[in-house]
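A.B. asks: Its first residue numbered 1, the sequence shown is counted upward by one per residue in my numbering.
Calculated from the structure, these hints are not laboratory results. This list has only true hints and no planted wrong ones.
Estimated spans, in silico, between C-beta atoms of each pair:
no.	residue 1	residue 2	range
1	A11	Q46	47 to 53 Å
2	A36	N62	34 to 40 Å
3	V33	A7	34 to 40 Å
4	E87	K113	37 to 43 Å
5	G120	A80	55 to 61 Å
6	R38	M1	49 to 55 Å
7	A97	Q67	41 to 47 Å
Being a predicted model, the structure only gives us computed values, none of them experimental. All C-beta atoms in this analysis are idealised placements derived from N, C-alpha and C, irrespective of residue type, glycine included.
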Amino acid sequence: MDLGNVAALIAASAFATLVLVLAVPILRLRHTVDAATRALRDVADQTGPMLGNVNATIGNVNTALGQVHTTLDGVNMQLARIDHIAENAQHVSSNVANLSTVVTAAAANPLVKVAAFGFGVRRAAAKRRHDDEDAQVRGEIKRRRRGGVPKA
Numbered sequence: 001m002d003l004g005n006v007a008a009l010i011a012a013s014a015f016a017t018l019v020l021v022l023a024v025p026i027l028r029l030r031h032t033v034d035a036a037t038r039a040l041r042d043v044a045d046q047t048g049p050m051l052g053n054v055n056a057t058i059g060n061v062n063t064a065l066g067q068v069h070t071t072l073d074g075v076n077m078q079l080a081r082i083d084h085i086a087e088n089a090q091h092v093s094s095n096v097a098n099l100s101t102v103v104t105a106a107a108a109n110p111l112v113k114v115a116a117f118g119f120g121v122r123r124a125a126a127k128r129r130h131d132d133e134d135a136q137v138r139g140e141i142k143r144r145r146r147g148g149v150p151k152a
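The whole structure should be built from the sequences, with the hints applied where relevant.
C.D. replies: This is how it looks when you write it as structure tokens:
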């Protein structure tokens, strides 16, 4: 064997040793890749039903939102009616207030005059009574001074 053959034999054995040394990590890497593949397959198998459940839930939520929207439309219609009723009540209230003002203005002036007349009549009657009593007392005093009836 010549030197070139020996060098080729050493290079071939070094290459074979390198292949064997690299084969062990590659085989271990294959097991890791297989485990990752199984894990991904399991995740994919479980994700399908979960997505189906999510789609069903979203459909139920959309149905509920449609019902809520319909209910809110009904509530808005009722609120519009209540606004209209409140507006009418406000008009009635202002009309009653105006009517009250008119009745007060119409009745107040004659009532004031009647009250003033009644006060004047009571005052005149009281003064007349007072004057009559004064006249009786004066007459009695004059009679007593003239000596008509002895003092009690």
